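Trainee: Listed below, chain by chain, are the residues.
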Amino acid sequence: QKEVEQNSGPLSVPEGAIASLNCTYSDRGSQSFFWYRQYSGKSPELIMFIYSNGDKEDGRFTAQLNKASQYVSLLIRDSQPSDSATYLCAAPFGGGYNKLIFGAGTRLAVHP
Amino acid sequence: DGGITQSPKYLFRKEGQNVTLSCEQNLNHDAMYWYRQDPGQGLRLIYYSQIVNDFQKGDIAEGYSVSREKKESFPLTVTSAQKNPTAFYLCASRTTGGGYNEQFFGPGTRLTVL
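Chains as they are written, first to last, in this note's numbering: chain A, 4 to 115; chain B, 9 to 122.
No lab work stands behind these hints: they were computed from the structure.
Do not take every clue at face value.
Subject to a maximum C-alpha distance of 27 Å in a straight line, what follows is the list of computed DSSO-like cross-link-like pairs (lysine-lysine) [unchecked claim]:
| hint | chain 1 | residue 1 | chain 2 | residue 2 |
| --- | --- | --- | --- | --- |
| 1 | A | Lys70 | A | Lys59 |
| 2 | B | Lys65 | B | Lys78 |
| 3 | B | Lys91 | A | Lys45 |
| 4 | B | Lys79 | A | Lys102 |
| 5 | B | Lys65 | B | Lys22 |
| 6 | B | Lys65 | A | Lys45 |
| 7 | B | Lys78 | B | Lys17 |
| 8 | B | Lys17 | B | Lys79 |
| 9 | B | Lys65 | A | Lys102 |
| 10 | B | Lys17 | A | Lys102 |
| 11 | A | Lys59 | A | Lys102 |
| 12 | A | Lys45 | B | Lys22 |
| 13 | B | Lys79 | A | Lys45 |
| 14 | B | Lys17 | A | Lys45 |
| 15 | A | Lys102 | A | Lys45 |
| 16 | A | Lys102 | A | Lys70 |
| 17 | A | Lys102 | B | Lys78 |
| 18 | B | Lys91 | B | Lys22 |
| 19 | A | Lys102 | B | Lys91 |
Computed from the model, here is a short list of chain B residues facing chain A with C-beta under 8 Å [unchecked claim]:
| hint | residue |
| --- | --- |
| 20 | Gln49 |
| 21 | Tyr108 |
| 22 | Glu110 |
| 23 | Phe113 |
It should be emphasised that the depicted structure is a prediction, and the values quoted were computed from it without experimental measurement.
Glycine included, C-beta positions come from ideal geometry on N, C-alpha and C.
Same shape as in the complex, but just chain A:
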């Protein structure tokens, strides 16, 4: 059974700090990952996609993939209260990108 694991949180950080969200996965064959942000009561929206080892940066967001250790992380620099949401990690399975398996999500709370 392929699994994607996340700490449910909540992860509480002060405004302006770096928030670090982690995700581990069981399938060594997983090659790429998606990070979605989901505000309470809303639908998920894609914020990052990463498919190679190392870091990928997009604005205040940095995704890090370590295939040897089977974890992927999302760093949010200069955290803002508007970043308060649940962050879902997802990995494709079954070949291609047609199907995704999602982690349970980590709830992030950024306090002023």
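Given chain A, work out where chain B should sit, using these hints.
Mentor: For chain B alone, kept in the frame of chain A given last:
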């Protein structure tokens, strides 16, 4: 505006009733998906369809049925066989072909069994 619409936003069902959730997209996407989300949990795949008139079961298809008669539409029926249907239901779509082609989500339908 291009996007995915789901209706209704809130739905209440009595035990023993079948209900149908609507999902329409005008993004010209080939693939469409239905997920279920329970409180504190991630999304679980119910059904997906890559082309018209074809669909496959996901991880939790029991008690659900779908149809894909048009490219734009992928309705989900929650049958009385689904014993615990109260959840947040999300429809998604994506284009297929080259690249990772992210899944875009509709606004969701919150189903409550009375």
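Trainee: All hints, please: hold or fail.
Mentor: Checked hints:
no.	hint	result
1	A:Lys70 - A:Lys59	holds (14 Å)
2	B:Lys65 - B:Lys78	holds (18 Å)
3	B:Lys91 - A:Lys45	holds (25 Å)
4	B:Lys79 - A:Lys102	holds (18 Å)
5	B:Lys65 - B:Lys22	holds (25 Å)
6	B:Lys65 - A:Lys45	holds (25 Å)
7	B:Lys78 - B:Lys17	holds (22 Å)
8	B:Lys17 - B:Lys79	holds (22 Å)
9	B:Lys65 - A:Lys102	holds (11 Å)
10	B:Lys17 - A:Lys102	holds (25 Å)
11	A:Lys59 - A:Lys102	holds (23 Å)
12	A:Lys45 - B:Lys22	holds (25 Å)
13	B:Lys79 - A:Lys45	holds (25 Å)
14	B:Lys17 - A:Lys45	holds (11 Å)
15	A:Lys102 - A:Lys45	holds (21 Å)
16	A:Lys102 - A:Lys70	holds (20 Å)
17	A:Lys102 - B:Lys78	holds (21 Å)
18	B:Lys91 - B:Lys22	holds (12 Å)
19	A:Lys102 - B:Lys91	holds (25 Å)
20	Gln49	holds (5 Å)
21	Tyr108	holds (5 Å)
22	Glu110	holds (5 Å)
23	Phe113	holds (4 Å)
Consistency with the previously given hints is maintained throughout, with no hint failing.
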